[in-house]
Amino acid sequence: MQTRRQTLKQSAAAAALVAGASLPPQHAFAFNKAAFEAKGIHDALKGLGVNGDPVASSDVTLTAPDSAENGAVVPFALSTKLPDVKELVMLVEKNPNALVSVFQVTPEVEPNFATRSKMGETSDVYAVAITKDGKALFAKKEVKVTLGGCGG
Amino acid sequence: MGDPMRIRAQAKDGNVLVRVLMSHEMESGQRKDSSGHKIPAWWIQEVTAKLNDKQVFSCEWGPAVSKNPFLQFTIKGGKAGDKVSVSWKDSKGDTRTDEATVS
Chain P
541 MQTRRQTLKQ
551 SAAAAALVAG
561 ASLPPQHAFA
571 FNKAAFEAKG
581 IHDALKGLGV
591 NGDPVASSDV
601 TLTAPDSAEN
611 GAVVPFALST
621 KLPDVKELVM
631 LVEKNPNALV
641 SVFQVTPEVE
651 PNFATRSKMG
661 ETSDVYAVAI
671 TKDGKALFAK
681 KEVKVTLGGC
691 GG
Chain L
4 MGDPMRIRAQ
14 AKDGNVLVRV
24 LMSHEMESGQ
34 RKDSSGHKIP
44 AWWIQEVTAK
54 LNDKQVFSCE
64 WGPAVSKNPF
74 LQFTIKGGKA
84 GDKVSVSWKD
94 SKGDTRTDEA
104 TVS
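For the record, the sequence lines run as chains P and L.
Here my numbering is used: the first residue of the first sequence is 541, the next is one more, and so on.
Here my numbering is used: the first residue of the second sequence is 4, the next is one more, and so on.
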């Protein structure tokens, strides 16, 4: 025979368990503030959990224009042929915060993404593939900017 | 709630090519208004996409992504008639979801 008090206690514990277990998976996907607010390439990659120095790789492709007349809209595309890539990352070295975009490479998508970025001034642009074991492989290209897109 | 996104999803070689145009200021936080005050940053922080209710894509953005962002990615598999939905969430917590049918 259970007393009312015992029953309440048990159901509260059960509820706590359920709440803990059913935390949405999005919880792991909290916005990575540290990485996005980092100043340079190195700190940004560190914020993304990269260990060791990034290595240049011909299996990472960055498509970007040689020069951009308008720094407010610079089209770029990233892709990689490497296996076990977790994230594809785009960085602009001389922007106030280098990190622009982090694409999750899920099994359901091709590791090939495109978007447009603002650039404050002429700078090296990096496409970085981060592997599941935290290695970083990159391709880079200098993009000349005639008119900056970050100032005002 | 921002303005609607324009989503184009095309079946191609067994994959689905998705192109999205979002409508958002993407304020960088670097600009100043006419009286010299900094305009606070306001930007889309994360974008996710689903193919028939299954999440297949996600990315995080900083404020350096251009105003009215363009995004392109390719979903493996999928066919004409499938539903692709794209959602974004900005730094003020505002969200928007739009859906398109693969053609």
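Calculated from the structure, these hints are not laboratory results.
Note that the structure is predicted; figures quoted are calculated from it, not measured.
Ideal Cβ positions, reconstructed from N, Cα and C, are used throughout, including at glycine.
Mixed in with the good hints, there may be bad ones.
[Unchecked claim] With the Cβ distance kept under 7 Å, some of the chain P side facing chain L (calculated, not the full set): (1) Phe-571; (2) Val-590; (3) Asn-610; (4) Pro-623; (5) Glu-648; (6) Val-649; (7) Glu-650; (8) Arg-656; (9) Lys-658; (10) Leu-677; (11) Phe-678.
[As the list claims (entries may be wrong)] Stretches of chain L that chain P covers, calculated by requiring three or more beta carbons in the stretch to come under 8 Å of a beta carbon on chain P: (12) 43-55; (13) 61-69; (14) 76-83.
Going down the list of hints, with the structure as the test:
1. For the restraint placing Phe-571/P at the interface with chain L, the shortest Cβ-Cβ distance is roughly 5 Å, inside the 7 Å limit, so the hint holds.
2. For Val-590/P, the interface hint is violated, the least distance from its beta-carbon to any beta-carbon of chain L being 15 Å, above 7 Å.
3. Hint on Asn-610/P is violated. Least Cβ distance to chain L is approximately 10 Å, over the 7 Å limit.
4. With a cut of 7 Å, the hint placing Pro-623/P at the interface with chain L is violated, because the nearest CB-to-CB distance is about 15 Å.
5. Look at Glu-648/P: its Cβ gets to within about 4 Å of chain L, closer than 7 Å, so that hint holds up.
6. Look at Val-649/P: its Cβ gets to within about 5 Å of chain L, closer than 7 Å, so that hint holds up.
7. Look at Glu-650/P: its Cβ gets to within about 4 Å of chain L, closer than 7 Å, so that hint holds up.
8. Residue-level restraint check for Arg-656/P holds (minimum Cβ-Cβ distance to chain L is 4 Å; threshold 7 Å).
9. Interface restraint check: Lys-658/P against chain L, minimum CB-CB distance 5 Å, threshold 7 Å, status holds.
10. This hint is violated: Leu-677/P has a C-beta 19 Å from the nearest C-beta of chain L, more than the 7 Å allowed.
11. Taking 7 Å as the C-beta contact cut-off toward chain L, the hint placing Phe-678/P at the interface is violated, the least distance being around 18 Å.
12. Look at the region 43-55 of chain L against chain P: 3 of its residues bring a Cβ nearer than 8 Å to a Cβ of that chain, three or more, so the hint holds.
13. Counting residues of the region 61-69 of chain L whose C-beta sits closer than 8 Å to any C-beta of chain P gives 9, which meets the bar of three, so the coverage hint holds.
14. With 5 residues having a Cβ less than 8 Å from any Cβ of chain P, the region 76-83 of chain L passes the three-residue criterion, so the hint holds.
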